[in-house]
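We have chain A; now place chain B onto it with these hints.
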Amino acid sequence: MSFRVGVVTFPGSLDDRDAARAIEVAGGTAVPLFHASDDLKEVEAVVLPGGFSYGDYLRCGAIARFAPIMNSIVTAAEHGFPVLGICNGFQVLCESHLLPGALTRNSNLHFLCRDQKLKIENVNTVWTSGFKAGQEIVIPLKNGEGSFQCDDATLNMLENQGRVIARYLDFDPNGSRNLIAGISNERGNVVGLMPHPEHAIEDLTGPSTDGLTFFTSVLQQLVGR
Amino acid sequence: MAKIIVEVMLKPEILDPQGQAVASALPRLGFTFAKSVRQGKRFEIEIDGNPTPAQMAEVEKAAETLLSNPVIETYLVRVEE
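From first to last, the protein sequence lines are chains A and B.
Position one of the first sequence corresponds to residue 2 (the numbering used here), numbered consecutively onward.
Position one of the second sequence corresponds to residue 288 (the numbering used here), numbered consecutively onward.
Chain A on its own, in the form it takes in the complex (with noise of 0.2 Å):
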C-alpha cells in the first residue's frame, strides 16, 4: 500500500501534474484535490504545486487563501499535517499564515527561470528529513516574485529556531532576505519552497534528480508513524 498524497489545483496552477509524478516516482499515490471543493480525500499529505493561481491578481497566492480546500488544509496543517507548497504554493501558505513572511517582485524586476544550487540547511522538517545536513542540491528556480522578505524579528526567529530550510548558493537570484530559498514552521510539518523540486525528479527531464527526495522524505516519515 502506498500512502496517498494530495495536489491542489487552483484555477491557474501550472505544476500539479509534474508534482503528481514526481509523488508517483516517489513510490506514492498522487490525489488530485480541487480548490472549490473542502474535501481532502483522505490523503496524509498535499502539495501545494506552482503557477499563477487566480492569475497572481491583488498579490501571488492572495486569492487561493480564501479558496474552501485551503480552510480543510490550514486546519489539518495546525494539527501537524505536512504540507508543501511551491513557489506559488509558497506564496499560498505565506498568504494563509501558514508560514511567516512574504514573497515580493525579484529585485532585478526580471522573471527568472535557472538551475539553482542550494544548501539544505534543516533536515528535521517531515519534507527534508532524507537530505543530509549541508547537503548542496540543484534543482530548477523559475518565478518573478520570489524575493522572501520579512521584518527583522520574524527573520531572527526564523534564523535562532534553524527553520531556513533552503538557502540560495553562489548566486542570488531575487534579493531574498539571508538568500532564503525555503522555510518550514515551528512543527515543521509545514514547508514553503521557492524552487521546483517537482522538475528535477528524472535525469531526462531535470538539472538532476535532487527534487525527489523532498518527496520520497514525507513518505518516509509517514511509515514511521
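Treat the hints as calculated values from the structure; they're not laboratory data.
The beta-carbon is built from N, C-alpha and C at its ideal position, and this holds for glycine as well.
Don't take each hint at face value.
Pairs of lysine to aspartate or glutamate, DMTMM-like flavour, derived with a Cα cap of 25 Å [to be verified]:
# : chain 1 : residue 1 : chain 2 : residue 2
1 : B       : K348      : A       : E79
2 : B       : K298      : A       : E160
3 : B       : K298      : A       : D173
4 : B       : K348      : A       : E160
5 : B       : K298      : A       : E79
Partner residues are not named here, just some residues of chain A that face chain B (Cβ under 7 Å, in silico) [claimed, not checked]:
# : residue
6 : R60
7 : A103
8 : L110
9 : Q150
Below, chain B alone, put in the same frame as chain A:
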C-alpha cells in the same frame, strides 16, 4: 453614491524594485525632480449612499485581511466626496 478609496503601499523597509525602476527611468526622459519613487495600489470601492461607521469598519477589515498584506504593506482608507 459614495466612493471609498483604499490605498496600499509597501512598508518603507520593504524593497520596492518597481518604484526603483520608475525612479531610474524618469531622468532618462529628462525628468530630474525625483529623489525616490515608491509604487503602490489604489482601490476605488463604490457604495450606495454615504458610508455608515459600521460600513467603514467593514472596509477597514477588508483592507487589512484581503486588500493588503500586513506583513509587507500598509493601507489608508478614506471617503471621496
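Taking the hints in turn, this is what the structure says about them:
no.	hint	in the structure
1	K348/B x E79/A	24 Å, holds
2	K298/B x E160/A	22 Å, holds
3	K298/B x D173/A	23 Å, holds
4	K348/B x E160/A	32 Å, violated
5	K298/B x E79/A	29 Å, violated
6	R60	6 Å, holds
7	A103	5 Å, holds
8	L110	5 Å, holds
9	Q150	6 Å, holds
Comparing the model with each numbered hint stated earlier shows that hints 4, 5 do not hold.
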